[in-house]
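**Student:** Chain by chain, the residues run as shown.
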Amino acid sequence: MIRFDHVNKRYPGRRDALTDVSLHLPKGEMAFLTGHSGAGKSTLLKLIARIERVTRGTLLIDRVNLSTLPRRRVPWLRRQMGIVFQNHHLLYDRTVFDNVALPLVIAGYRSGELRRRTRAALDKVGLLDKERQMPITLSGGEQQRVGIARAVVHRPPLLLADEPTGNLDPALSREIMDLFVSFNRVGVTILVATHDIALTEAFGLPVIALAGGGLVRDDFAGVDLGTPA
Amino acid sequence: MARRPERGAVRKRQRPGRKGGERRDGRPQKRRRARRGGGARVSAWLQEHPRAALNSLGRLWRHRLASAMTVAVIAVALALPGALWILLSNAQRATGGWDSGARISAYLDPSLDADAANAVADRIAARDDVRVVKRISADEALAEFRDLSGFDEALEALDRNPLPAVVVVEPSGLQARSPAALKHLGESLQQIDGVDRARVDLEWVERLYALLDLVERGVTLLGILLAAGVLLIVGNTIRLDILNRREEIEVTKLIGASDAFIRRPFLYGGLWYGLLGALSAWLLLALSRALLAGPAARLAAAYGSQFRLQGLGPDHVGLLLLTGAGLGLVGSWLAVGRHLRRIEPG
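So the sequence lines, in the order shown, correspond to chains Y and L. If you're matching positions, the first sequence starts at 794 in our numbering and goes up one per residue. If you're matching positions, the second sequence starts at 5 in our numbering and goes up one per residue.
Chain L with its partners taken away, still in its complex shape (with noise of 0.2 Å):
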């Protein structure tokens, strides 16, 4: 346009840092932000974030009725699992002073004479994967059994003791103490010449293993069926949150944002549902834990047990805290992928 030829002139003089064909290249964008620096990147980074988390925050507390019910329905599906997972560790620890009492029993020949006795209880204690306990001695049997028993005249009219001597021993410390152990270890013990019979008590500790086993499984399972319960809680409420804020998006869209800056809040969103129902449900717990504490006590002590309920330890209170956050954040990363990229101006 020749009509006004000066304004080729002023424009130069007023913005000198634009000249034609800077942007000849098509590859714009690394040449500016090169000229930026890598500093300027970095701290606009840090500044980007904080503002977008902060942002979420402030609308989840602008909507904090809608946010709290929210917040509330996450707080429940997480305590549920963490609170079945409490009790299972309580009652592991109340049952963990017995495993530690299977014991074995090796029943010596009863052939064997006092000293070959004590040389077969000498060879067990030798053994490193068991430590004895106790020795009873053919004839500390018979009295016992004497006392126990009160047959003491039938006793008399046998012209030798019947009962063999028994060493009662124990897994070492190293050793395992499950039941496949248990019964391996007592077979090992049978092997010993001057061993009648090794018997191990596996019944219950097998049966307390089994029921355990059972219910940690069930709280497993239940744990990731809440999981998903909590995943698609969030989903939903983000996506929701989209909805609501299509037209904000599409402006965004219109003045030049890129997907990661429209993404960036709801994954916050996400992220802050997530926290904020695992801080409740640490909340709920603790809150049960302290209405549970002093009826579980007085159980124990009426068991004469020094038993407390324990509540979280600070790993699972951050293991919680961690879940309950990741959640959130891939239940708004899906729901986020899904919705986001549908919305565009036209």
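Next comes chain Y alone, as it looks inside the complex (with noise of 0.2 Å):
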């Protein structure tokens, strides 16, 4: 699903953000990313969903390779994936309802279609009662789970997570993990970026890590460097 060959990323008037990372995610597996803030994590996940561009190497999302891929293409890509943002990123001048069903009208759905399955997503994350309320209204947690059924309700092959739990309790956390990985039950392909080391253990869930812009860690590839400092 996810392929990176000797991927480089280089920000204009710094070091490399990643250095040489090759990584494969197979189709249909659920992998944490982890690494201390500043390892690579987001960087990784931007070049994944085209927000950052590639300085070397090749990124291959599904046999699409990024790096030829048309501009005007990357809308259709973003909408091959669910993003799942630590802060929300919620539109907070519309209801939780609006606010899941943007992909579904981004994407050209017809209402009665598009009201199934918002409300199915809001189901699935138990938000159904709160459809009609406006974001800010709503606890951290519930913010997060609107924004998770607004990364799923278009039924994505893949979702990224970054630091989705980063503002949450363990309680809470461990909560929205076991959503993703109901999700994962059902075939979609999930990489979800933490720092949260208790949890990924918890889990047991294949591992890639990231230090210093490198790749320590690839449980598929049965690499492992160790934990560095």
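Think of the hints as simulated: they come from the structure by calculation, not from any bench. Check the hints yourself; a few may be wrong.
Sample of chain L residues with no beta-carbon within 10 Å of chain Y, all distances over it, derived [unchecked claim]: (1) Q51; (2) P114; (3) A161; (4) R243; (5) T256; (6) S309.
The calculated lysine to aspartate or glutamate pairs, modelled on EDC-like cross-linking and capped at a C-alpha distance of 20 Å, are [claimed, not checked]: (7) K839/Y <-> E348/L; (8) K839/Y <-> E251/L; (9) K923/Y <-> D855/Y; (10) K187/L <-> E254/L; (11) K138/L <-> D119/L; (12) K839/Y <-> E252/L; (13) K923/Y <-> D891/Y; (14) K839/Y <-> E254/L; (15) K839/Y <-> D809/Y.
It should be emphasised that the depicted structure is a prediction, and the values quoted were computed from it without experimental measurement. Cβ coordinates follow ideal geometry from the N, Cα and C atoms, glycine included.
Combine both chains into one complex, guided by the hints.
**Tutor:** Encoded structure:
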């Protein structure tokens, strides 16, 4: 699903954010992407979502080469994935329902199907009774669940999450992570970036670890260079 | 991953539509659309545009004070040239009777006797570029002069009538009535045997036309300047709108919205500004006309005229609304083209 091949990423005027990263996340798998802040987790996710472009190397998402993907096709690429953000990135002038329905609106769904799918996604995250509320009236955990519902409402084959539990207490974090596991069970490929080592250990899922822009652990390839200090 | 081999089977059963390699050709969007069918695409389009249009209208309503001010500025900018144009067309209508009175007097050779003069007058009447208004024989001319001047005795002293017969003509229905055309007609009349001189009273026609020309050009120029003003107003309003909604634009781009999808509400916003501005301009003009109609009618009555101040006809209202909407759309297009592309998530 996701294949990095000797990928380098350099921001102008800074040292390499990613150095020679090669990894493969197979279709249908779920993995944690770990590392300290500054290790390159966010950069890696941004490359996948084509928010940033690869400086050197090849990045394939489901056999599509992102380096040669023309700009006008980027929206299509992003519709093949769902992205969950640490700070939710909700639109605070719209109701919960409208926030979750947004990807379907973008994809041009008819209103009947749109309503059905949106409610199904809200039901999945347990927020069906709050669909008419504004996001600001919800708690942090609820807002994050709205963000997750929005990321999966169009049933993308790939789900990316950037520190989805960053601001939540352990119980809530666990709840959110259980939600991801349940999506993975129906075939969604999932990559969750987190620095919460306890959480990754609790779930026992494959881990991809970055340190200083380089790959230090990849459970899919059986690589483990040990955790750097 | 060999740890959970059963998952593949579950996946296949639950999601029969998704098979590996579905997007292998690298042009998946077309294939997917083709599967959904052309009808779905059209109906999605039909659904998408009204939604964007209504959403923009709703947004204007939510920020109604700011929107009303923008609309008011556009209304004034459109109403000003509109009002001048109405004044101009009313002036043209009021003076319309004058240039149809443009006449040419053909003075016949005084040495012709009555029969010969009649024959010349007949020849003039036979032309199809003029219509004879009046024939004045030499005797009639003398009688009229006598009545009006009171030089009875002086005229008695003359042994013959010094006045020529006159044929007064006006351009026939199909003829152009511009000063140049009248002048040309006068010259061709003068070529006729037995016509001594053809006199066209041109000066006032020329002045009138020159004046109206000048005013019309002034109104056009002002109109262009104010149209440019409307473009700038709408463009700037939409620019601020884009900057205010920067985060929303970033998020929708991240979710996979196309440029067209993001552009659409802003373009409709501009369209609404222009259309509402034009509607308000129309109201302003109708109101002004209602306020001025009474005094104008009294003024016309004092001059013994049936003149009535006219407002915009339905076709002109249509043109006004179309212009407003068009300017709004172009203005927002300019702003969107410049600013939207720069906003990228990151």
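**Student:** At 10 Å, judged by beta carbons, does T256/L keep clear of chain Y as stated?
**Tutor:** The claim breaks: T256/L does not keep its Cβ more than 10 Å from every Cβ of chain Y (closest is about 7 Å).
**Student:** Verify the proposed pairing of K187/L with E254/L, using a straight-line Cα cut of 20 Å.
**Tutor:** violated (70 Å)
**Student:** Can we confirm that no CB of chain Y comes within 10 Å of the CB of P114/L?
**Tutor:** At about 87 Å from chain Y, P114/L clears the 10 Å cut-off, so the statement holds.
**Student:** With a cut-off of 20 Å on the C-alpha distance, tell me whether K839/Y and E252/L pass.
**Tutor:** Cα-Cα ~18 Å, so holds.
**Student:** Is the Cβ of A161/L more than 10 Å away from each Cβ in chain Y?
**Tutor:** A161/L is indeed farther than 10 Å from all Cβ atoms of chain Y, at 101 Å.
**Student:** Please work out if K839/Y and E348/L have their alpha carbons no farther apart than 20 Å.
**Tutor:** Holds - the C-alpha atoms of E348/L and K839/Y are around 12 Å apart, at most 20 Å.
**Student:** R243/L clear of chain Y by more than 10 Å, beta carbon to beta carbon?
**Tutor:** holds (19 Å)
**Student:** Regarding the pair K839/Y and E254/L, is the alpha-carbon distance no greater than 20 Å?
**Tutor:** holds (14 Å)
**Student:** Hinted pair, alpha-carbon criterion (20 Å max): K923/Y, D855/Y. Please report holds or violated.
**Tutor:** violated (35 Å)
**Student:** Take a quick look at whether K138/L and D119/L sit within 20 Å of each other, Cα to Cα.
**Tutor:** Distance of about 17 Å is within 20 Å: holds.
**Student:** Taken at face value, is the distance from the CA of D891/Y to the CA of K923/Y at most 20 Å?
**Tutor:** holds (12 Å)
**Student:** Is the Cβ of Q51/L farther than 10 Å from every Cβ of chain Y?
**Tutor:** violated (7 Å)
The structure fails to meet hints 1, 5, 9 and 10 from the earlier list, while all remaining hints are met.
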